[in-house]
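**Student:** Chain by chain, the residues:
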Amino acid sequence: MLTMISKRLMFAIPSLIGVVIVTFLLTRALPGDPAAYFAGPAATKEAVEQIRKKLGLDKPLIEQFFRYTNDLAHGDFGNSLTTGQPVATEIRNRLPASAELTLLGLIVSVVIAIPLGVLAATRPGSWIDHLCRVTTTAGVSLPVFFTGLLLVYFFYFRLGWSPAPLGRLDVFYSAPPTVTGFYLVDTLIARDFEAFRSAFSQLILPATTLAIFSLAPIARMTRASMLAVLASEFVRTARASGLSPATVIVTYAFRNAMLPVITTLSMVFSFLLGANVLVEKVFAWPGIGSYAVEALISSDFAPVQGFVLTMAVMYVLLNLVIDILYGVIDPRVRLEG
Amino acid sequence: MKRRDFLKSVSGLAAGAVLPAAPSVISSARADARSETLLIVSEGGPNNLDIHGVGTNVPGYEVSWNCYDRLISHEMKSGPGGVPYYDRDKFKGELADDIKIDDMSVTFKLKKNAKFHDGAPVTAKDVKWSLDRAVSVGGFPTFQMSAGSLTKAEQFVVVDDYTVRVDFLKKDRLTIPDLAVIVPCIVNSELAKKNASEKDPWGLEYTKQQTAGSGAYKVTKWTAGTEVIMERNEDWVGGPLPKIKRVIWRMVPQAGNRRALLERGDADISYELPFKDFQEMKANGKLNVVSLPFSNGIQYIGMNVTKPPFDNPKVRQAMAYAMPYQKIMDAVLFGLGNPMFGAAKDKATDVAWPQPTKYFTDMEKAKALLAEAGYANGFETTISFDLNFAGVNEPLCVLVQESLAQLGIKATINKVPGANWRTELNKKEMPLFTNVFSGWLDYPEYFFYWCYHGNNSVFNTMSYKSAEMDKFIDGARTAAATGDKAAYDADVKGFVDLAFADVPRIPLYQPFVNVAMQKNVTGYQYWFHRRLDYRAMAKG
Chain A
1 MLTMISKRLM
11 FAIPSLIGVV
21 IVTFLLTRAL
31 PGDPAAYFAG
41 PAATKEAVEQ
51 IRKKLGLDKP
61 LIEQFFRYTN
71 DLAHGDFGNS
81 LTTGQPVATE
91 IRNRLPASAE
101 LTLLGLIVSV
111 VIAIPLGVLA
121 ATRPGSWIDH
131 LCRVTTTAGV
141 SLPVFFTGLL
151 LVYFFYFRLG
161 WSPAPLGRLD
171 VFYSAPPTVT
181 GFYLVDTLIA
191 RDFEAFRSAF
201 SQLILPATTL
211 AIFSLAPIAR
221 MTRASMLAVL
231 ASEFVRTARA
241 SGLSPATVIV
251 TYAFRNAMLP
261 VITTLSMVFS
271 FLLGANVLVE
281 KVFAWPGIGS
291 YAVEALISSD
301 FAPVQGFVLT
311 MAVMYVLLNL
321 VIDILYGVID
331 PRVRLEG
Chain B
1001 MKRRDFLKSV
1011 SGLAAGAVLP
1021 AAPSVISSAR
1031 ADARSETLLI
1041 VSEGGPNNLD
1051 IHGVGTNVPG
1061 YEVSWNCYDR
1071 LISHEMKSGP
1081 GGVPYYDRDK
1091 FKGELADDIK
1101 IDDMSVTFKL
1111 KKNAKFHDGA
1121 PVTAKDVKWS
1131 LDRAVSVGGF
1141 PTFQMSAGSL
1151 TKAEQFVVVD
1161 DYTVRVDFLK
1171 KDRLTIPDLA
1181 VIVPCIVNSE
1191 LAKKNASEKD
1201 PWGLEYTKQQ
1211 TAGSGAYKVT
1221 KWTAGTEVIM
1231 ERNEDWVGGP
1241 LPKIKRVIWR
1251 MVPQAGNRRA
1261 LLERGDADIS
1271 YELPFKDFQE
1281 MKANGKLNVV
1291 SLPFSNGIQY
1301 IGMNVTKPPF
1311 DNPKVRQAMA
1321 YAMPYQKIMD
1331 AVLFGLGNPM
1341 FGAAKDKATD
1351 VAWPQPTKYF
1361 TDMEKAKALL
1371 AEAGYANGFE
1381 TTISFDLNFA
1391 GVNEPLCVLV
1401 QESLAQLGIK
1411 ATINKVPGAN
1421 WRTELNKKEM
1431 PLFTNVFSGW
1441 LDYPEYFFYW
1451 CYHGNNSVFN
1461 TMSYKSAEMD
1471 KFIDGARTAA
1481 ATGDKAAYDA
1491 DVKGFVDLAF
1501 ADVPRIPLYQ
1511 PFVNVAMQKN
1521 VTGYQYWFHR
1531 RLDYRAMAKG
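Note that the protein sequences, when read in sequence, are chains A and B. Here my numbering is used: the first residue of the first sequence is 1, the next is one more, and so on. Here my numbering is used: the first residue of the second sequence is 1001, the next is one more, and so on.
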């Protein structure tokens, strides 16, 4: 197992180097001149040049690149010009917000989608199968910002059940001391139950929005995979041996149907983490997605590079975790490693 | 697990996920905090708390305005609709107790009890250091200072601990007003110096994150892109102690949500909403919506006069007659703007800016002028706009495009990303474009100096050069400095007339700054910078 992990990590290095080079070049190819942008509305040509010098943008590209990689090696992602903060700090502060939201959304989605998929597969053509089809179609065809706005409109604006879409906490609560960065966990550690409730109620709508969106691939994959497994011979044998349907489905079929579902989950997770920018915008969520988009709009290189790099690292790690999980679920995979 | 149980638990969980959260119980302490707290929502937030910093954005100006003091500030007067409006011509001391203006200098005596947020007294040394900083750091602050002929550190002289003198390089009417804008704010020099380094001699890295002023508020928490929390400075001496104890400023990117927050009473105040929203909120009357014209500001259509076809004044006049002015007022602005067109034929030119032109939509006249200029069949061009303000610019350009099509002019719309807009303006190559210019200092010659003078500043987006125009503008500046009213009036009328006859840019309208607030929020004031001044505000 350890050799597999180290081997995997070794393979990741060239891709990370590639990511560093490509993002550097791509951000430089962005339209727009950051010096002119940051010189302010009333800048003269000289002022723009002054800013350019200050930002080091007057240096040749190759020198800028070495300076960038040297900083990276020292753990310095550079400074964001739009927010004025070091990128590393910003990403550290914002990643938990996005991760908490995405994870919760994914959990809600899994809790609904997997049973839905399993049930749809065991009863093809029944009402539950139709329900599965309708839910997944609806989920995948509604854009997240639309679902989000719709939920805000009904549950906040019309009914007043949900708190104001103002980010992670009610305005009058202060954030718990940071331990994990997940407010749900940190508020519990701080034994601040009121803040926990506030954080939780703030999470409900955005997490639901994400859950609705990610339901489809998980439910569809569960259904398809279950159908395939249920049709296989060992299930028929198990049934013929007189095992109860529940044992057959949960112990034999479900476990074997899990592998493609896990793969889908990992895809959905990494996809959601990057793609929930619209949800973050709708709910004023201080996550990394909205941060990266803001940066992109203002040709702010450092955060874009930092974001892409973080995502790449997370993707590599996530793949590693999935590979390990494979080994746990299906021992045959381990042999190949 | 039985299938039925499984199903039950699943549906139970699913229901749990969408169950509403119980409305938070508001304790009385929290209710008190609410009444002394101003909750502002806006699209963007500051990127730097110090206006002297590199690339500080406009929301950053608001922090600086409220957390730092200047030597002087403006008095208030009653503006349109009874809203308090800054008085361009009247000044009062903020850190200064006494102002003495001599022929070639002005002397300020400081309030002796003024303290910075950390308790250090505000002294003449701090004032000199801060003004030196403003003229030395480069970029926007230095540029703004130069607009009032404040360019050299030697101009700022410490007379004694509590007296500072500002020497004039030359007579300039804009010097005193320029000392009351946001830039010449007074920074705690000892604190900044302590946090300065060789690479950063003015301590900009420190003041980017912390406020180091003597102002009415101080920033206690700032999460970039998310929120700014400001607390009242109980020892403020720059004016009467503000009523608002705490300001929470949250960034809510979605305009629809900002409106929902306002209408549900969760947020106290917001700007930057679509005009249609403002108009609807005005109509339904639940909120207090203030709309006031930008002082010294105009949205215009600019034309590059260095290249054909717009190098021909006849073509430019034809364009001015082809603009769908009223349609823009109705369909783009929903009435939230002052028309800058269609002045009566016999109306004399005012000594004021902005003022409407005598142009109005007249396609026949436009056609005739175009034919005279030799473009009877029209031409092809592109019309560019800044995507950052697409809400106004896009429909505006579409209307113009439609209107021009009637003359056979084929205009392609070119959407320029916000990050790129200034670069494009600086290149001065776009043939046709729309933009806004608004001057902090509300004087006609200030506007014309930037927009029409042959020194060809970035705001002279048309590359317009005319010796006659320069003579009028320079003349007005000199006349203003020496107080020669007759010459001044003649010159202002001269440059306005010339600008309208030559029309390198076509004024469309004077935009409005719109602010929506709860009915119990009072004390909103209009400032030249168009940002909020919390110091006068209160919640009833």
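You may find that some hints are simply not true.
As the list claims (entries may be wrong) - Derived SDA-like pairs: lysine to any residue, alpha-carbon spacing no greater than 25 Å straight-line:
#: 1; chain 1: A; residue 1: K53; chain 2: B; residue 2: K1152
#: 2; chain 1: B; residue 1: K1194; chain 2: B; residue 2: G1138
#: 3; chain 1: B; residue 1: K1193; chain 2: A; residue 2: N79
#: 4; chain 1: A; residue 1: K54; chain 2: B; residue 2: G1138
#: 5; chain 1: B; residue 1: K1519; chain 2: A; residue 2: L95
#: 6; chain 1: B; residue 1: K1221; chain 2: A; residue 2: L95
#: 7; chain 1: B; residue 1: K1276; chain 2: A; residue 2: F145
#: 8; chain 1: B; residue 1: K1199; chain 2: A; residue 2: L72
#: 9; chain 1: A; residue 1: K45; chain 2: B; residue 2: S1149
#: 10; chain 1: B; residue 1: K1152; chain 2: A; residue 2: Q50
#: 11; chain 1: A; residue 1: K45; chain 2: B; residue 2: K1194
#: 12; chain 1: B; residue 1: K1221; chain 2: A; residue 2: F172
#: 13; chain 1: B; residue 1: K1199; chain 2: A; residue 2: D58
#: 14; chain 1: B; residue 1: K1221; chain 2: A; residue 2: Q50
#: 15; chain 1: A; residue 1: K45; chain 2: B; residue 2: K1221
#: 16; chain 1: A; residue 1: K59; chain 2: B; residue 2: S1149
#: 17; chain 1: B; residue 1: K1194; chain 2: A; residue 2: P60
#: 18; chain 1: A; residue 1: K54; chain 2: B; residue 2: A1467
#: 19; chain 1: A; residue 1: K45; chain 2: B; residue 2: N1455
#: 20; chain 1: B; residue 1: K1282; chain 2: A; residue 2: L159
#: 21; chain 1: B; residue 1: K1199; chain 2: A; residue 2: F172
#: 22; chain 1: B; residue 1: K1427; chain 2: A; residue 2: T237
FYI, nobody ran anything at the bench for these hints, they're computed from the structure.
**Student:** Indicate, hint by hint, whether the structure satisfies it.
**Tutor:** Hints, verified against the model:
This hinted pair checks out: A:K53 and B:K1152 have alpha carbons roughly 22 Å apart, not beyond 25 Å. Our distance criterion of 25 Å between C-alpha atoms is met by B:K1194 and B:G1138, whose separation comes to about 21 Å. Distance restraint check for B:K1193 and A:N79: the Cα-Cα separation of roughly 22 Å lies within the 25 Å cut-off, and the hinted pair is therefore satisfied. A distance of roughly 10 Å separates the Cα atoms of A:K54 and B:G1138; the hinted pair therefore holds under the 25 Å criterion.
Restraint check for B:K1519 and A:L95: not satisfied, since their Cα atoms lie roughly 38 Å apart, outside the 25 Å limit. In summary, the hint linking B:K1221 to A:L95 is supported, as the alpha carbons are separated by about 19 Å, within the 25 Å threshold. For a cut-off of 25 Å, the pair hint linking B:K1276 to A:F145 stands: about 21 Å separates their Cα positions. Straight-line distance between C-alpha atoms of B:K1199 and A:L72 comes to about 21 Å, which keeps the hinted pair within the 25 Å bound.
Distance restraint check for A:K45 and B:S1149: the Cα-Cα separation of roughly 19 Å lies within the 25 Å cut-off, and the hinted pair is therefore satisfied. At most 25 Å may separate the alpha-carbon atoms for a hinted pair to count; B:K1152 and A:Q50 meet this at roughly 18 Å. Between A:K45 and B:K1194 the alpha-carbon distance is near 33 Å, which puts this suggested pair outside the 25 Å criterion. With a C-alpha separation of about 13 Å, the suggested pairing of B:K1221 with A:F172 holds against the 25 Å cut-off.
Between B:K1199 and A:D58 the alpha-carbon distance is near 18 Å, which keeps this suggested pair within the 25 Å criterion. As the CA atoms of B:K1221 and A:Q50 are separated by approximately 31 Å, the hinted pair breaks the 25 Å bound. With a CA separation close to 35 Å, the supplied pair A:K45 and B:K1221 exceeds the 25 Å bound. For the hint linking A:K59 to B:S1149, the alpha-carbon distance of about 33 Å lies beyond 25 Å, and the restraint is violated.
About 34 Å separates the Cα atoms of B:K1194 and A:P60, which puts this hinted pair outside 25 Å; it is violated. Taking the CA atoms of A:K54 and B:A1467, the gap is near 37 Å; set against the 25 Å cutoff, the hint is violated. For the hint linking A:K45 to B:N1455, the alpha-carbon distance of about 12 Å falls within 25 Å, and the restraint holds. Between the alpha carbons of B:K1282 and A:L159 the distance comes to roughly 23 Å, so the proposed pair stays at or under 25 Å and holds.
Straight-line distance between C-alpha atoms of B:K1199 and A:F172 comes to about 40 Å, which puts the hinted pair past the 25 Å bound. With a C-alpha separation of about 77 Å, the suggested pair B:K1427 and A:T237 falls outside the 25 Å cut-off, and the hint is violated.
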